[in-house]
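2 protein chains.
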Amino acid sequence: MEKIPVLRMGPLLLITIQIDMHDKLALQLQDDVTHRISEYGSTGVLIDISSLEIVDSFIGRMLANIAAMSRVLGADTVVVGMQPAVAITLVELGMSLPGVRTALTVEAGMELLLGAVAEDANGTDHEHRQA
Amino acid sequence: MEKIPVLRMGPLLLITIQIDMHDKLALQLQDDVTHRISEYGSTGVLIDISSLEIVDSFIGRMLANIAAMSRVLGADTVVVGMQPAVAITLVELGMSLPGVRTALTVEAGMELLLGAVAEDANGTDHEHRQA
Numbered sequence: 001m002e003k004i005p006v007l008r009m010g011p012l013l014l015i016t017i018q019i020d021m022h023d024k025l026a027l028q029l030q031d032d033v034t035h036r037i038s039e040y041g042s043t044g045v046l047i048d049i050s051s052l053e054i055v056d057s058f059i060g061r062m063l064a065n066i067a068a069m070s071r072v073l074g075a076d077t078v079v080v081g082m083q084p085a086v087a088i089t090l091v092e093l094g095m096s097l098p099g100v101r102t103a104l105t106v107e108a109g110m111e112l113l114l115g116a117v118a119e120d121a122n123g124t125d126h127e128h129r130q131a
Numbered sequence: 001m002e003k004i005p006v007l008r009m010g011p012l013l014l015i016t017i018q019i020d021m022h023d024k025l026a027l028q029l030q031d032d033v034t035h036r037i038s039e040y041g042s043t044g045v046l047i048d049i050s051s052l053e054i055v056d057s058f059i060g061r062m063l064a065n066i067a068a069m070s071r072v073l074g075a076d077t078v079v080v081g082m083q084p085a086v087a088i089t090l091v092e093l094g095m096s097l098p099g100v101r102t103a104l105t106v107e108a109g110m111e112l113l114l115g116a117v118a119e120d121a122n123g124t125d126h127e128h129r130q131a
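These protein sequence lines are chains A and B, in that order. Numbering of the first sequence is given in UniProt numbering, commencing with residue 1 and proceeding in unit increments. Numbering of the second sequence is given in UniProt numbering, commencing with residue 1 and proceeding in unit increments.
Treat the hints with caution; some may be incorrect.
Claimed, not checked - Straight-line alpha carbon distances no greater than 20 Å define the calculated EDC-like cross-link-like pairs of lysine to aspartate or glutamate that follow:
#, chain 1, residue 1, chain 2, residue 2
1, B, Lys-3, B, Asp-20
2, A, Lys-3, B, Asp-56
3, B, Lys-3, B, Glu-39
4, A, Lys-24, A, Glu-2
5, A, Lys-3, B, Asp-32
6, A, Lys-3, A, Asp-20
7, A, Lys-3, B, Glu-2
8, B, Lys-24, B, Asp-56
9, B, Lys-24, A, Glu-53
10, B, Lys-3, A, Asp-31
11, A, Lys-3, A, Asp-31
12, B, Lys-3, B, Asp-32
13, A, Lys-24, B, Asp-32
14, A, Lys-3, A, Asp-23
15, A, Lys-3, A, Asp-32
16, B, Lys-3, B, Asp-31
17, B, Lys-24, B, Glu-2
18, A, Lys-3, B, Asp-20
19, B, Lys-3, A, Glu-53
20, B, Lys-3, A, Asp-20
21, B, Lys-3, A, Glu-2
22, A, Lys-24, A, Asp-76
23, B, Lys-3, B, Asp-23
Keep in mind that the hints were calculated from the coordinates and are not lab data.
Construct the entire structure; sequences and hints are all you get.
Below you can see the structure in the form of structure tokens.
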């Protein structure tokens, strides 16, 4: 039963993490996500961590890795559902999840990702917009 | 970490089951699902079981219970992602998941549920349609 499902929802992929992560499982998840992105042409990845009461440096690094891999494949990543205690611990540990965007709920994350997709389709230049 | 998240996606709820079920967890899930339906006014429940390699009579009964509880609260339930081996075992065991609709993928399940919602909104009479 040790497998984290990667669900396709239109242009997005949804992953809910419920079980204790270990090395092999994390590698398999990275493998699954990258293959699904290239198979489905997904433009966004949603990772729900609302079941996690602890996010240690291992999980933090795994999230950052998935986000970086997805980015080079053309998909944005949003981590959703973080528990308040987890946010406190992360900052206290000095881990700010670099390169990972977050949102409070799956719905907010979907809006963020689908908004980004719509903007890209309109040819908006993100770098100029920030100037 | 023993908690199965119930994610809200518009008018639907999405539940992915990844961990070994036991009595307490099943009761908590039933409790969560029914509360979320009444809180959000959800019209459909999607249960992804693609991670499950075994569906025994306990899980079968739990799925049927959640479907029945959701129905009396006005929400349809669709079980998605069943592995072929699970389907074979279920039928061999004489468990046909009565009252539970199934679909192959989350996307197909969403279409099924949102289609049913749209039909209800149009005032279609299901019983007459079947005659």
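So, going through the hints one by one against the coordinates:
no.: 1; hint: Lys-3(B) with Asp-20(B); result: holds (11 Å)
no.: 2; hint: Lys-3(A) with Asp-56(B); result: holds (18 Å)
no.: 3; hint: Lys-3(B) with Glu-39(B); result: holds (19 Å)
no.: 4; hint: Lys-24(A) with Glu-2(A); result: holds (10 Å)
no.: 5; hint: Lys-3(A) with Asp-32(B); result: violated (23 Å)
no.: 6; hint: Lys-3(A) with Asp-20(A); result: holds (11 Å)
no.: 7; hint: Lys-3(A) with Glu-2(B); result: holds (16 Å)
no.: 8; hint: Lys-24(B) with Asp-56(B); result: holds (16 Å)
no.: 9; hint: Lys-24(B) with Glu-53(A); result: holds (19 Å)
no.: 10; hint: Lys-3(B) with Asp-31(A); result: violated (25 Å)
no.: 11; hint: Lys-3(A) with Asp-31(A); result: holds (12 Å)
no.: 12; hint: Lys-3(B) with Asp-32(B); result: holds (10 Å)
no.: 13; hint: Lys-24(A) with Asp-32(B); result: violated (31 Å)
no.: 14; hint: Lys-3(A) with Asp-23(A); result: holds (13 Å)
no.: 15; hint: Lys-3(A) with Asp-32(A); result: holds (10 Å)
no.: 16; hint: Lys-3(B) with Asp-31(B); result: holds (12 Å)
no.: 17; hint: Lys-24(B) with Glu-2(B); result: holds (10 Å)
no.: 18; hint: Lys-3(A) with Asp-20(B); result: holds (12 Å)
no.: 19; hint: Lys-3(B) with Glu-53(A); result: holds (10 Å)
no.: 20; hint: Lys-3(B) with Asp-20(A); result: holds (12 Å)
no.: 21; hint: Lys-3(B) with Glu-2(A); result: holds (16 Å)
no.: 22; hint: Lys-24(A) with Asp-76(A); result: violated (24 Å)
no.: 23; hint: Lys-3(B) with Asp-23(B); result: holds (13 Å)
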